[in-house]
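Letter by letter, the chains look like this.
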Amino acid sequence: MLYRKAAVFVLAVLAVGSLAQAQQSRMDTVLERGRLICGVNAVNPGFGYLDETTGNYTGFDTDFCRAVAAAIFDDPAAVEFVPLTGGVRFNAIHSGEVDVVFRNTTHTLTRDTENSVDFLPVNFYDGQGVMVRSDLGVTSVDELEGAIVCTNQGSTTEANWSDYVRRQGWEGNQLITYEDLARTFTAFHGGRCDAITSDKSQLVGVRASVDDPEMYLILPETLSREPLAGFTFQNDSTWRDALSWIVTAVIHAEEAGITSSNLDEIGADETAVDARRFLGIEGNLGVELGLPVGFAANTVRHVGNYGEIYARHLGPDSPFHIPREGSFNDLYTRGGLLYPAAFR
Amino acid sequence: MLAIGFGIFLVVTAFRSMTERGIPFTFSFLFQEAGFTVSEGSLLAIEDGRLVWRPFTARDTYLQAFATGLYSTLRVTVVGILIATVTGVLLGVLRLSGNWLVNRLALAYVEVVRNTPLLVQMFFWYFAVLLKLPGGQQASTWYGGLIVSNQGAFLPWLVPTGPTGGFAAVIATALLLGAAAWLIARRLGRQRPVLTGIGSLLAVLGIGLVLSGLPFEVSTPELGRFRITGGIGLSPEFTAVLLGLVIYTSAFIAEVIRGAIQSIPRGQWEGAGSLGLRYFPMMWLIILPQAARIAIPPIGNLYLSLMKNTSLAVAVGYPDLFNIYRTISNQSGRSLEGVIITMIVYLVLSFIISALLNAYNRRVNLRWSA
Numbered sequence: 001m002l003y004r005k006a007a008v009f010v011l012a013v014l015a016v017g018s019l020a021q022a023q024q025s026r027m028d029t030v031l032e033r034g035r036l037i038c039g040v041n042a043v044n045p046g047f048g049y050l051d052e053t054t055g056n057y058t059g060f061d062t063d064f065c066r067a068v069a070a071a072i073f074d075d076p077a078a079v080e081f082v083p084l085t086g087g088v089r090f091n092a093i094h095s096g097e098v099d100v101v102f103r104n105t106t107h108t109l110t111r112d113t114e115n116s117v118d119f120l121p122v123n124f125y126d127g128q129g130v131m132v133r134s135d136l137g138v139t140s141v142d143e144l145e146g147a148i149v150c151t152n153q154g155s156t157t158e159a160n161w162s163d164y165v166r167r168q169g170w171e172g173n174q175l176i177t178y179e180d181l182a183r184t185f186t187a188f189h190g191g192r193c194d195a196i197t198s199d200k201s202q203l204v205g206v207r208a209s210v211d212d213p214e215m216y217l218i219l220p221e222t223l224s225r226e227p228l229a230g231f232t233f234q235n236d237s238t239w240r241d242a243l244s245w246i247v248t249a250v251i252h253a254e255e256a257g258i259t260s261s262n263l264d265e266i267g268a269d270e271t272a273v274d275a276r277r278f279l280g281i282e283g284n285l286g287v288e289l290g291l292p293v294g295f296a297a298n299t300v301r302h303v304g305n306y307g308e309i310y311a312r313h314l315g316p317d318s319p320f321h322i323p324r325e326g327s328f329n330d331l332y333t334r335g336g337l338l339y340p341a342a343f344r
Numbered sequence: 001m002l003a004i005g006f007g008i009f010l011v012v013t014a015f016r017s018m019t020e021r022g023i024p025f026t027f028s029f030l031f032q033e034a035g036f037t038v039s040e041g042s043l044l045a046i047e048d049g050r051l052v053w054r055p056f057t058a059r060d061t062y063l064q065a066f067a068t069g070l071y072s073t074l075r076v077t078v079v080g081i082l083i084a085t086v087t088g089v090l091l092g093v094l095r096l097s098g099n100w101l102v103n104r105l106a107l108a109y110v111e112v113v114r115n116t117p118l119l120v121q122m123f124f125w126y127f128a129v130l131l132k133l134p135g136g137q138q139a140s141t142w143y144g145g146l147i148v149s150n151q152g153a154f155l156p157w158l159v160p161t162g163p164t165g166g167f168a169a170v171i172a173t174a175l176l177l178g179a180a181a182w183l184i185a186r187r188l189g190r191q192r193p194v195l196t197g198i199g200s201l202l203a204v205l206g207i208g209l210v211l212s213g214l215p216f217e218v219s220t221p222e223l224g225r226f227r228i229t230g231g232i233g234l235s236p237e238f239t240a241v242l243l244g245l246v247i248y249t250s251a252f253i254a255e256v257i258r259g260a261i262q263s264i265p266r267g268q269w270e271g272a273g274s275l276g277l278r279y280f281p282m283m284w285l286i287i288l289p290q291a292a293r294i295a296i297p298p299i300g301n302l303y304l305s306l307m308k309n310t311s312l313a314v315a316v317g318y319p320d321l322f323n324i325y326r327t328i329s330n331q332s333g334r335s336l337e338g339v340i341i342t343m344i345v346y347l348v349l350s351f352i353i354s355a356l357l358n359a360y361n362r363r364v365n366l367r368w369s370a
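Quick mapping for you: the protein sequence lines, in order, are chains A and B.
So for the first sequence, my numbering puts the first residue at 1; every next one is plus one.
So for the second sequence, my numbering puts the first residue at 1; every next one is plus one.
All the pointers check out, no bait thrown in.
Calculated lysine to any residue pairs in the SDA-like style (CA-CA distance at most 25 Å, straight line):
id, chain 1, residue 1, chain 2, residue 2
1, B, Lys308, B, Tyr360
2, B, Lys132, A, Ser134
3, B, Lys308, B, Phe124
4, B, Lys308, B, Glu111
5, B, Lys132, A, Asp135
6, B, Lys132, A, Arg207
7, B, Lys308, B, Trp125
8, B, Lys132, A, Ile218
9, B, Lys132, A, Val138
10, B, Lys132, A, Asp212
11, B, Lys132, A, Val210
12, A, Lys200, A, Tyr164
13, B, Lys132, A, Gly137
Quick caveat, the hints were computed from the structure, so don't treat them as lab data.
Working from the sequences, and respecting the hints, build out all of it.
Structure follows, in structure tokens:
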């Protein structure tokens with residue numbers, strides 16, 4: 001009898017507990033915690049990569065995590081990185097394990113709806129490509145009828161490749177799916193498949209990681225449009241707006257010619273009204289977002305503008321060079337697609 | 001009651017947080033087109049009103065993708081259990097061999113295998129062994145048809161020519177007549193009714209096939225521009241998972257068998273010896289049947305863990321149920337619904353294995369009360 005009573009009591013407590021979760025913005029949680037928890041890729045050189053020798057995360061995407069930390073806490077190191085595979089990245093947001101994910105993720109309709117996340121502005125325009133061994137003698141994706149193709153799980157690539165094969169009306173193709181890009185590439189490198197397909201940015205990264213990159217050839221075709229963007233919780237506008245404007249600030253800074261080295265100089269010029277407003281020296285842009293005034297200045301000072309981030313990880317001096325001049329990932333003023341929302 | 005209450009609490013919490021975040025909960029996605037392909041695995045589908053056994057295609061639904069994954073899981077589980085049992089029993093016996101070299105080798109095998117993680121072993125078999133085989137272009141053909149390469153092992157195989165309807169009818173008739181023969185033989189109290197059944201099945205099958213003009217041709221594996229096609233093949237992914245599971249589980253089975261044999265009273269050995277039996281007849285006729293009674297419950301546990309360990313297959317790209325679930329959850333965004341289905345399927349498989357073993361256990365156990 002006592003047992004029964006105790007059980008009923010525990011049940012009642014649990015029931016009340018499950019109903020009593022108050023709704024609050026993630027922004028409050030992050031501010032309270034004092035650091036950002038950011039989901040990233042750990043095996044995609046150039047974008048998100050855990051460097052075994054230093055134990056640090058480096059890459060284009062991880063710098064956006066640092067940009068957010070710099071904007072909120074004036075400290076780019078106030079980030080805890082959580083490595084995510086493609087398969088669990090959405091779950092990490094659903095469960096609240098991370099605050100935001102910057103992990104080369106394509107913005108698609110299904111992901112906005114069925115996966116129930118909200119996307120930030122696009123930070124990299126990518127497309128799906130195919131890589132083969134140079135000695136295979138293939139120069140175009142059209143020649144791959146009947147080939148074995150490897151890809152990684154949890155991406156749009158599986159369905160994109162299946163669509164491509166169907167459009168071509170090919171028979172006998174085989175698609176082998178691995179857990180992540182590192183294993184996919186190991187299998188491809190070991191000769192299990194004739195070709196590997198993934199976002200071109202990722203192919204560039206893994207190609208650069210072998211001793212002799214000339215062994216592999218990235219075919220010229222682009223099979224799909226892959227606008228990559230960070231994402232966060234569905235229906236948390238406060239948090240999402242703040243994140244969106246941090247990404248926008250990074251792009252805006254490049255267009256305005258503000259870099260990590262010249263920002264104090266520009267801010268000192270009293271006639272540069274726009275720049276001073278952007279940097280938070282005049283006005284109070286950002287307060288309504290729940291961010292500190294001058295969040296954009298914090299970001300640019302610590303992490304740099306879009307061009308600096310790009311050059312650091314994907315520029316000509318990096319091993320993962322992806323030419324930027326006139327590509328989609330250049331500013332609209334130079335023929336690219338980067339056209340940030342206005343800082344007003 | 002507490003456990004049920006806690007379960008309800010978890011479900012309620014999950015539902016609440018999902019609705020709060022605007023995530024719908026529905027199983028309707030199961031009937032949408034999947035849009036992806038899998039590297040191997042077939043399913044039973046209805047086409048033009050006929051049941052056909054065919055590979056999964058991108059036009060099939062998510063439900064059919066689950067079915068394909070289930071088939072691949074069952075395939076590696078059933079084959080794995082059979083081979084692991086045979087090797088495990090053999091190893092267990094060898095562990096007790098009087099020959100120093102033999103029992104030390106068996107000991108070394110058991111200790112090395114039991115004390116390294118299964119996932120690591122699968123990786124080893126896949127990346128360090130199977131993918132190091134010669135590539136499709138360099139592989140040589142042995143014995144007129146066998147090809148072993150890092151695309152898999154291929155053998156010539158019989159494939160039916162023309163429509164499969166008549167062939168299916170022959171098999172169905174053979175199965176029916178075989179079952180009837182078995183039942184009649186049992187009713188008449190004949191010795192070994194199962195053999196009678198199998199015998200008549202084979203006879204009908206043979207006669208039927210000859211009458212229908214042997215509707216088969218030999219398909220030999222051939223190297224195309226990229227892939228090896230034709231014949232019957234074992235993919236490196238399947239082989240790696242199977243090798244990993246068999247080698248790992250057989251080491252545990254060996255230990256269970258060794259323990260069971262050692263628990264047989266000395267008198268049984270001496271009694272068998274006094275009948276003049278040599279070592280292997282003694283083992284096979286006297287010791288192992290008794291040891292089996294002791295060994296079956298723990299071996300049942302090992303079968304269950306073998307079945308559940310198939311979910312590691314995702315690491316080497318074998319499209320088992322869990323691997324396909326992960327793809328489905330990513331393509332459809334229905335991860336909670338998908339994982340519920342996946343868990344129920346694994347649970348049902350576990351129940352089936354347990355039920356079979358319990359039934360067998362009841363049969364071989366001494367009936368103390370009777």
